[in-house]
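S.K.: Chain by chain, the residues run as shown.
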Amino acid sequence: MYSVNYHRAASVADAVKKVKAGDGKFLAGGMTLIPTMKSRLAAPSDVVDITRIASLSGITVSGKTVTIGATTTHAEVATNAKLAKVCPALCSLASHIGDPHVRHKGTIGGSISNNDPAADYPSAMLALGATIVTNKRQIPADKFFKGLFETALKEDEMVTEVTFTAPAKAGYAKFPNPASRYAVTGVFVAKGKDGVRAAVTGAGDNGVFRSKEVEAALAKKFDAASLDGVKVSAKGLMGDIHATPEYRANLVVVMAKRAVAAANG
Amino acid sequence: MSEVTINVNGRTVTKTVEDRTLLVHFLREELGLTGTHVGCDTSQCGSCVVHVDGKAVKSCTMLAAQASGSSVVTIEGLANGAELHPVQAAFKEHHGLQCGFCTPGMIMAAVDMINRHPEGLDEATVRAELEGNICRCTGYHNIVKAVLAASAAMGKASKGKAKAA
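Each protein sequence line maps, in turn, to chains A and B.
Numbers 2 to 266, taken from this note's numbering, label the letters of the first sequence in order.
Numbers 358 to 522, taken from this note's numbering, label the letters of the second sequence in order.
Simulated from the structure, these hints should not be mistaken for lab results.
C-beta: ideal position from N, C-alpha, C; glycine also.
Wrong hints could be hidden among the right ones.
Over the 10 Å line for every Cβ pair with chain B, so calculated as not near, a few chain A residues [claimed, not checked]:
hint: 1; residue: 15
hint: 2; residue: 39
hint: 3; residue: 103
hint: 4; residue: 137
hint: 5; residue: 230
Taking lysine-lysine and the BS3-like style, the derived pairs with C-alpha atoms no more than 27 Å apart in a straight line are [as the list claims (entries may be wrong)]:
hint: 6; chain 1: A; residue 1: 83; chain 2: B; residue 2: 412
hint: 7; chain 1: B; residue 1: 372; chain 2: B; residue 2: 412
hint: 8; chain 1: A; residue 1: 26; chain 2: B; residue 2: 372
hint: 9; chain 1: B; residue 1: 372; chain 2: A; residue 2: 39
hint: 10; chain 1: A; residue 1: 236; chain 2: A; residue 2: 83
hint: 11; chain 1: A; residue 1: 147; chain 2: A; residue 2: 236
hint: 12; chain 1: A; residue 1: 147; chain 2: A; residue 2: 222
hint: 13; chain 1: A; residue 1: 18; chain 2: A; residue 2: 221
hint: 14; chain 1: A; residue 1: 170; chain 2: A; residue 2: 155
hint: 15; chain 1: A; residue 1: 213; chain 2: A; residue 2: 236
hint: 16; chain 1: A; residue 1: 155; chain 2: A; residue 2: 194
hint: 17; chain 1: B; residue 1: 412; chain 2: A; residue 2: 39
hint: 18; chain 1: B; residue 1: 449; chain 2: A; residue 2: 26
hint: 19; chain 1: B; residue 1: 372; chain 2: A; residue 2: 86
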């Protein structure tokens, strides 16, 4: 790791000020940023630890409205009883990120801000039609995820919380890379008042996306059998040592089926 | 440079270290607590697992400065004098190790796992929970046995699958 200056922020405003003072990065759980710095793929002049800002952490459930603070860890999301009552799919998703030790540190805000094309949370945010709240504005998930590791966030902007309306039904299934547990392909399906949304992670050449084919099939009937015979195009899907675009295209349908089955219990 | 103050195994220590110092290096090189190992150095293997404020974390993926103000427990902090912690005793009894390199991380992960499952553990849960700890010798069988035995010994109700391990 190159030399870096560590700061601890007392408030959101303080964090933004400290990041702007140099070539800084916000540091939450650090489960991506620290390894990236260790391998010298990132070399910020400063890191600003936001995990001691109390207002950024925690989960509130009010009726069907769920709000999750940016520095809420995967372990906290996975085990939150109130969230489990209204959206157990998100708890399940969080419980399968990385490993127990990673889940004690990694945060939802960090995951979506990094927007790794194989991360789990972006698919949930997109399928749930979540709103990403920052220190400056509210951004619909549809406009937040911009591509590989790219988001709508500006340099001095940080996610403070995410909020969504719990859908009637939701489910998530992923085909995990056996070593990293990142999704080779993962699908989050949600059936809410605005219909069915299905978001795919791990597969897209340009990051998380909604699958029109899967959504159209599930709009008729929210049942795994509705996806029988559905074909997803391999165009625009990732090919790497783990899987070809065609294999991922098939996985989208298979994972969507499993996600719907999970949603229907 | 930053002044870092951490309570390590019940003793508060203050050191001035480079901001980029990882917690594992702080423990090993500043405090001489070499029980915590560096295996992969890429947050995969878990040989560096310690507890920070009661939660198992990978100390190779955390700056010492991030832990300033926190309480850290390492493998050296488990035993009560000459009396082994129940998880250490179970690893010895069930031979949950061969070369021993992964063992400190395995034991710290096991203690955390047992703490988070007061209802008791079964074999499938132990295996799933060991996701973040890699052992290249044992094939995990004896590690799983040891964790189940320790869970039972620590007064937690086992779900009765201990023999299956």
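S.K.: Against each hint, give a clear statement of whether it holds in the structure.
M.R.: Right, here's what the structure says about each hint:
no.	hint	result
1	15	holds (16 Å)
2	39	violated (7 Å)
3	103	violated (6 Å)
4	137	holds (26 Å)
5	230	holds (34 Å)
6	A:83 x B:412	holds (22 Å)
7	B:372 x B:412	holds (23 Å)
8	A:26 x B:372	holds (25 Å)
9	B:372 x A:39	holds (22 Å)
10	A:236 x A:83	violated (40 Å)
11	A:147 x A:236	holds (18 Å)
12	A:147 x A:222	violated (30 Å)
13	A:18 x A:221	violated (50 Å)
14	A:170 x A:155	violated (33 Å)
15	A:213 x A:236	holds (13 Å)
16	A:155 x A:194	violated (31 Å)
17	B:412 x A:39	holds (23 Å)
18	B:449 x A:26	violated (44 Å)
19	B:372 x A:86	violated (46 Å)
Checked against the numbered hints given earlier, the structure breaks hints 2, 3, 10, 12, 13, 14, 16, 18 and 19 and satisfies all the rest.
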